[in-house]
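S.K.: Could you slot chains S and E onto chain R? The hints should help.
Chains as they are written, first to last, in this note's numbering: chain R, 4 to 341; chain S, 4 to 341; chain E, 4 to 341.
It is worth saying that the hints were derived from the structure and are not from the lab. Some hints could be false.
Some but not every residue of chain R turned toward chain E, in silico, with C-beta under 10 Å [claimed, not checked]:
id, residue
1, PRO57
2, GLY73
3, GLU190
4, TYR323
5, ARG329
We put the beta carbon where it would ideally sit given N, CA and C, even for glycine.
Read off the chains here:
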Amino acid sequence: MDTMEPAAKRDLLSTEDLDNDSVGNLLELAAHMQHRGPQDQLKGKTLGLLFQDPSLRTRVSFEVAMIQLGGSAIVLSSATDVYAFEAESQTVMDGVAEEHVKDAARTLSRYVDAIGLRAAIRTGNWEEDRTDALLRAYSQYASVPVVNLQSHMHHPCQALADIFTMRQECGDLAGKTLTLAWTQNPEPQSLGAPHSLALLAARMGMNVKVTHPQGFELDGEIMDSARAHADETGGSIQVMHDLEEGARGTDFVYARSWRSLGAYADPDRELLLKRSLDHWKITSDILALGNNAWFLHPLPVRRNLSVTDDVLDGERSLIYDQAENRLHTQKALLVSLM
Amino acid sequence: MDTMEPAAKRDLLSTEDLDNDSVGNLLELAAHMQHRGPQDQLKGKTLGLLFQDPSLRTRVSFEVAMIQLGGSAIVLSSATDVYAFEAESQTVMDGVAEEHVKDAARTLSRYVDAIGLRAAIRTGNWEEDRTDALLRAYSQYASVPVVNLQSHMHHPCQALADIFTMRQECGDLAGKTLTLAWTQNPEPQSLGAPHSLALLAARMGMNVKVTHPQGFELDGEIMDSARAHADETGGSIQVMHDLEEGARGTDFVYARSWRSLGAYADPDRELLLKRSLDHWKITSDILALGNNAWFLHPLPVRRNLSVTDDVLDGERSLIYDQAENRLHTQKALLVSLM
Amino acid sequence: MDTMEPAAKRDLLSTEDLDNDSVGNLLELAAHMQHRGPQDQLKGKTLGLLFQDPSLRTRVSFEVAMIQLGGSAIVLSSATDVYAFEAESQTVMDGVAEEHVKDAARTLSRYVDAIGLRAAIRTGNWEEDRTDALLRAYSQYASVPVVNLQSHMHHPCQALADIFTMRQECGDLAGKTLTLAWTQNPEPQSLGAPHSLALLAARMGMNVKVTHPQGFELDGEIMDSARAHADETGGSIQVMHDLEEGARGTDFVYARSWRSLGAYADPDRELLLKRSLDHWKITSDILALGNNAWFLHPLPVRRNLSVTDDVLDGERSLIYDQAENRLHTQKALLVSLM
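Pulled out of the complex, with its shape left as it was, chain R reads as follows:
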């Protein structure tokens, strides 16, 4: 991604859309953005944001990013502001969907300069949801850049902020160990953030230890891609099923809950699986197993259920820097795309 010239239409659907140079340029531009006040680079430009579920960080960080760049964001929540969209092509629209994504995306492309989409409505079938069909349809039909604000499979904006945050503390991440740890949570969570982080951390040459209970495996194709990246960069991907083993000797503990793909169609089965998993919680004892490890979490977090207060509020916690860095990395992204 060349950050210097006006872009042809480019999307950010997953971290895989960025080559290594683009990632490097974005992180560099973000570091530059971090220390600048309000600018006018996107004056008169608008970013359309579509949300299918509630959002605090993503929504506010994107809105503020546009404002600080002199532009504006327009927020549409599908619960209240717009109707249901049809994503499949050639279908006879005699159901509940009042508009086809083709028309919504092409219309929005006449009004706004980029589109952000958080696609959260699930079919209950992982084979279907893992295609991110709605997001792909927006990408296909829009003539302006489309940014993934978290989908079933990916959350590239979160991963960029995560990598930026770790680099800020440690510089080059190659050879560093990142523990990606599943934690307890009554609410099933998207796999987007762990997927995107595993992919991008592997590309940074990190040794990624994914640790989770049986039944909470990440998507197989994502894991294969991450392993292929690691092979190229000299990093590694390991999977384990023990929190202590995962944390031992690590440089970064990254906690996050995610839903069970095995129980994807059956929330009750997921609840059953989780019944005996209360020990999947990051405590100061777990963190102490690391190599003076830093702690990260993309938030929101269930305090004292997923992670204890002393870890979240401790000296090694980077959670608020991580949240703040959403702003800086997204400003870099927006300037690159629009």
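M.R.: Chains S and E in isolation, oriented as in the chain R frame:
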């Protein structure tokens, strides 16, 4: 409407609020707006937008219009942001309405520079709804301009964009034929767009052929007004009940579904009426009956139910230009009003 | 509150957070703001607004205030945009709340320059709700200024606008009489506005006559504080249970309904209490008992139930100035805080 000087309070409740010169000036200003970048004409000014139902095009095009003019829009959705309003005067407010339109409109007039209202809540009684009482009440009490963002009876902003779009392709519209065709749709739709287009097209001197199934007549008073306009301009208004007859030899096929006034109080009866109307669909065969006709639709559209993909995506389709022209015509309108 | 220098973090949770000089400076700055056009003082700055219930005046006046100062507001409605928040510390978050206020406030502090909160969700227990725990938690954890947009106990922004409005008509308020009158309303209303006005009016040296039916007492601690203020300023606080007695000889009749603290946990009991209270309505006869009295109401108002049309629309009504003055006083506040 003199677009050069700051306006005294003027509203746009229907196309009838604009004299012929005003229409001409607006369309000319819109053509000028179309080729200009961001401006500062409305710097520090705000447009308050109230929606009683979901909206994509209207909402985003008005927000972007304000932003591109240097101003801002504030969006209030009555479903979530504000409570119910009382429109009737002298009533004792012991019901569900927490605020009178008089107070809401006068208060908003102290804050914003213009008000846009989409009034969509129906009483179920056409004689009542056709008075557009809520919109009229806002107009009566507000001291700033009030713009109709679609009411039961009118959708002037859509009609302005429609006329602008047709003129862009064909120049002077006098003597051209416009077929306003009812199409199948499971969801009852507002009559605002067809009403406003019939009125304005007649004023342009077009020959308007309204074609729809029995039971889907447009409002009688609207038709009378359109005929009176046509008499003045040398245009004409015809009503027919056959899609092929409507399309034959026409210059523009404008498709749109609208609710049955006969079944207005009874949605089940409307569904019954619609049961055998699946042939009210614009196909390439229908379009081919025209005189190398252009195709228009205000969107959203039920693909392959109301109109087939090949028409919507074909070379003669103007649907996205039409959507885009909402932006240009509304920028002209806002500059004229505020 | 020194309005001249960039502020260290200061909150406005209640009028008690402002010393007398600060109140004076704010009102003076507001008078100055009232006659100025759009400015750039808050360029690139953002105000985050969180609402737990619908709002017209507060929301629009704050949004417009930011826009007229060159900044922007970001509105989050908890009903649709964000999830439930936990306010209690050290709790295990295994319930419905997905995020702790600590994390929300600290995250928002990284994005926005000030936070406004309307906290409206009640526990049903007045001893608990009167602590304004959610608002206090935001204040505790945010590193940017927090503004109370109405809580269970306080509505300082309304009181500032009220005092500003009365001063505009009468200059110095010391020695003037203000009747704070309960009125009928089917919907239980927050005590924030009457509490804040009683406190601030007493500090202005006004003679405050609070009149309400038995069972609708204001909070005891608020009344004690108001009396202490009155003792200092030479004002007075009187409580009575008769509307005519309250209005007799007064300079200002300020009408407002508020909920019964006695029936706080039991809405049905409040409805029962209200059954025979329809005479608690401001009519022109009541207003005529005053000393050519002005009429105020914070709106929304139930016309002809709480107050008759002739009073609301009469020559002595200040209700729209009062609403407008929200804008001017809040602009002064925002410039002072940010």
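S.K.: If a hint holds in the structure, say so; if it doesn't, say that too.
M.R.: Results for each hint:
{"no.": "1", "hint": "PRO57", "in the structure": "5 Å, holds"}
{"no.": "2", "hint": "GLY73", "in the structure": "8 Å, holds"}
{"no.": "3", "hint": "GLU190", "in the structure": "7 Å, holds"}
{"no.": "4", "hint": "TYR323", "in the structure": "5 Å, holds"}
{"no.": "5", "hint": "ARG329", "in the structure": "8 Å, holds"}
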